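Okay, here's what each chain looks like letter by letter:
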Amino acid sequence: MIVTNKLTKVYGGFFGSSVLAVDNIDLEVDRKDIFGFLGPNGAGKTTTIHMFTTVLEPTSGTAEICGYDITKSPLIAKRKIGFMPEMPGFYDWLKAEDQLKFYCDFYGYSRQESKTRAKELMELVGMGEFRNRKIKTFSHGMRKRLALASAMVNDPEILILDEPMGGLDPMGVHSFREMIKELNRNDITIFLSSHLLPEVQQLCNKVGIINRGKILAVDTIDNLSRKVGLESFTRLTIDGKGLSEKVLDFIKTIPGVAEIRVNSQRERGYTIIVNEGIDIQDLAGVLNEKLVKRDVYLSRLEQAKPNLEELFMKITRGS
Amino acid sequence: MEAEKKSEETPEKGAPAVKAKESGETFVEAFKQNLMGILIIARTDIIAHLKSPRMAILMVIFIFTVLSGAYFFAGMAADYTEAQPPEFLVWTYIVNLDDDTYPDDMLVITTDTTGKSIGDVTISLFHLNGTLYEKETTDEVGRTIFYDIDPQSYLNSHKGDYVEMYRPVITTEKQMYQFLSEMELYVQTQVADLDEDNVADDVAILVLNERLEPVPGATVSGGFDQDEESTNAYGLYREYNLLKDNYEYEITWNEVVAVDEAEILNDDMDIENLLNLQGPDDVLMQTAGLFIVMIVPIMAIGISFDTISREKISKSVVFLLSRPIGKRSIAAGKFIGSLTALAIPLTVISLVGVGIISMKTSESPSGGFVAGFLVITIVFTAIFVLLQQIFSTLAKTTGNAIMAGISIWLFFYIFFGLIILLINQLVGNQFLSTEYYELSNKLTLFSPTGTYGFLMVLISPTAGDTPIGITSWAPALSFTLGFVILFILSMELFRKRPYL
Ligand SMILES: Nc1ncnc2c1ncn2[C@@H]1O[C@H](COP(=O)(O)OP(=O)(O)OP(=O)(O)O)[C@@H](O)[C@H]1O
Ligand SMILES: [Mg+2]
Chain G
1 MIVTNKLTKV YGGFFGSSVL AVDNIDLEVD RKDIFGFLGP NGAGKTTTIH MFTTVLEPTS
61 GTAEICGYDI TKSPLIAKRK IGFMPEMPGF YDWLKAEDQL KFYCDFYGYS RQESKTRAKE
121 LMELVGMGEF RNRKIKTFSH GMRKRLALAS AMVNDPEILI LDEPMGGLDP MGVHSFREMI
181 KELNRNDITI FLSSHLLPEV QQLCNKVGII NRGKILAVDT IDNLSRKVGL ESFTRLTIDG
241 KGLSEKVLDF IKTIPGVAEI RVNSQRERGY TIIVNEGIDI QDLAGVLNEK LVKRDVYLSR
301 LEQAKPNLEE LFMKITRGS
Chain Z
1001 MEAEKKSEET PEKGAPAVKA KESGETFVEA FKQNLMGILI IARTDIIAHL KSPRMAILMV
1061 IFIFTVLSGA YFFAGMAADY TEAQPPEFLV WTYIVNLDDD TYPDDMLVIT TDTTGKSIGD
1121 VTISLFHLNG TLYEKETTDE VGRTIFYDID PQSYLNSHKG DYVEMYRPVI TTEKQMYQFL
1181 SEMELYVQTQ VADLDEDNVA DDVAILVLNE RLEPVPGATV SGGFDQDEES TNAYGLYREY
1241 NLLKDNYEYE ITWNEVVAVD EAEILNDDMD IENLLNLQGP DDVLMQTAGL FIVMIVPIMA
1301 IGISFDTISR EKISKSVVFL LSRPIGKRSI AAGKFIGSLT ALAIPLTVIS LVGVGIISMK
1361 TSESPSGGFV AGFLVITIVF TAIFVLLQQI FSTLAKTTGN AIMAGISIWL FFYIFFGLII
1421 LLINQLVGNQ FLSTEYYELS NKLTLFSPTG TYGFLMVLIS PTAGDTPIGI TSWAPALSFT
1481 LGFVILFILS MELFRKRPYL
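First to last, the protein sequences are chains G and Z.
Under my numbering, think of the first position of the first sequence as 1, with each following residue one higher.
Under my numbering, think of the first position of the second sequence as 1001, with each following residue one higher.
With the rest of the complex left out, here is chain G (with noise of 0.2 Å):
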């Protein structure tokens, strides 16, 4: 859906000094992907999403928005996405259901579909009732809601949010949290910058990480950090008087249990490994049924996710 070849950004130069913002960074992202972009400030996220929503020209290479070139296609590139500015401005003297209205008029709907849209948008983002008031008193996070909304009058096929949630209460990131998930499986791709990383890691399946405007990794959570040596491990420990050779053997031989090592004199009792992809609980509730008359027990259950923020740190720090 998203997709950059050597993307690149110079700021300046003419006359000051340049400032390489974004350096050759290719990407790609697909259909139905949230994808995290992330990195610290100033590292050229902003820059890049400008590119992509063309407020930006590129210095030199290209991005492909749902196959169009967007400086030889831009405006049908521009119809596929829908976008939300780190600092949403509109025109404050307009009401919130007006200042909508004029942005459908850009994609051509008529008088009536545009009000029909407005009305719905602003319903979709929880602000029904403030249709009518003037954007000059709305809060940041009502702004926050109605640029969420402007990102959506063309029903996009790509949400490109800059730091959607920055400034929000944490009802408020809840609230975007479940709009984003719901607007993704209404077939909706998103890109979104975040400095939230709890935030990334419950919604985004995939991430970018960028610094100094250089790409330093794409994946998943996962694999990304698998590769930093990051691991993400489920164990449970037993102990009891039941144990014996015979009682290991036999949990062994249960599904989804990888590996039982010893614990140390200290801890006592055993750790079982527990295999990638399964339900925890499910395993503890089978572990438990057929062990309790072993005089076996579940003493522990550790579930290690690997950590974004300890992933971001370590990989931003090497570059």
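It cannot be assumed that every hint is accurate.
Beta-carbon label-pair distances, calculated as ranges [unchecked claim]:
| id | chain 1 | residue 1 | chain 2 | residue 2 | range |
| --- | --- | --- | --- | --- | --- |
| 1 | G | T116 | Z | N1400 | 35 to 45 Å |
| 2 | G | T59 | Z | T1434 | 51 to 61 Å |
| 3 | Z | N1276 | G | N132 | 54 to 64 Å |
Bear in mind the hints are in silico, worked out from the structure with no lab data behind them.
Just so we're clear, the structure is a prediction, and the values are computed from it rather than from any experiment.
Here a beta-carbon is modelled for each residue, glycine too, at the ideal position from N, C-alpha and C.
Please build the complex by placing chain Z with the ligands on the supplied structure of chain G, with the hints as guidance.
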């Protein structure tokens, strides 16, 4: 604006997209979309501008300046009386020319404006009620005499039915006779337009001796500049371009002194004479040339100084740029929005002005002139809106944009004239010489303010002469070129500038 109605309902995707062709964008599609975008942006801006308090303030300024200007000028035009240079002067002296004892005879002398006699002019004497009393024709030395006129008031006229001059004939009385018979100089004064500048602010004094012969060399002294030293060979003394006043003066000849007086009612300093305000067309032209040319740039600055910078500062431009519309089209839409928002009230108020002019002068300016005036004024507005929009695009702050706008207005309105003066001096043209005018007019074509004035003169039905040194199409070309260049520049600069 409702571009194309959706023919097929796509249940999943609500966007009625222009169907993307696999090959990419075609020119026609892009053009259509951009045009639609331009109209959307323009429409939103027009509404916002028209509703804004700023527009109200600007229009109050405009109404005050332009309508009061038109009102006063029209009033002056209504009062305007244009003097015709006299074909000849008719002098009348009531004297006793026959053997009776009454001064009831009238000597009539006809001369040209130098005092030289003109013969063969028919002089008719009318009763005040208009009926003819008597008719005489002047001889080859320009004289004739009506004898023994009944004591009454009369009007005289010459050349058949054309009445050039009225002069009540004094009723004859005994005392009058005695006074006249003691006189040694006969002096008569006429106020007329002798130098043919259409203002009756010149004085002619004909001096005759007691035998009613012209007196050369009589000196005239009093409140005059002394354009001439003394009466000429025909006994005539002239003084030109006097200011409005009552003049008393003495005529001295051979130690004989006579006094007379003249009253000048109109002079060159009358604003209606200065501005040549003769009719509604002149009023419209001068209102445009003096007031509209000054105030329209202020309107343009006031409306468009922040059209671009406001979008940049509020970052709403980012949203706009991500819509399916080209950057140039955004600039074009902004321009058309500002221009239309200005042009609507300017046109309405101008038409009200035309109405005021028509009422005051009880005559309408010609329709073609009004239409031409509106078109030229809107292009003039457009040029300043574009200039201001360019500053709004380039300037780092809104304040800078306003300053740049006011500076360029001052530059064209005031400094450009000084620069023209300076250049003339540098190339050594004498002030007010033909070369001076030619060069000045050529240079003025580079100023929208000056070119506006040229265009108004050119299309005016009353003052349609091409200024010297330029061809008649040059001002129109200058306006068109200026507009096109600025329009392209405003779009290209918007495209090139960073927005964030
Ligand atoms: N208009 C501009 N002119 C010059 N340099 C710029 C401009 N905008 C951004 N930059 C520079 O480009 C680099 C990338 O900036 P960008 O805004 O893309 O970062 P970002 O990843 O979005 O950061 P943040 O997380 O703070 O939003 C930075 O070094 C920044 O200083
Ligand atoms: Mg950013």
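These are the hints, each one checked on the structure:
no.: 1; hint: G:T116 x Z:N1400: 35 to 45 Å; verdict: holds (43 Å)
no.: 2; hint: G:T59 x Z:T1434: 51 to 61 Å; verdict: holds (57 Å)
no.: 3; hint: Z:N1276 x G:N132: 54 to 64 Å; verdict: holds (58 Å)
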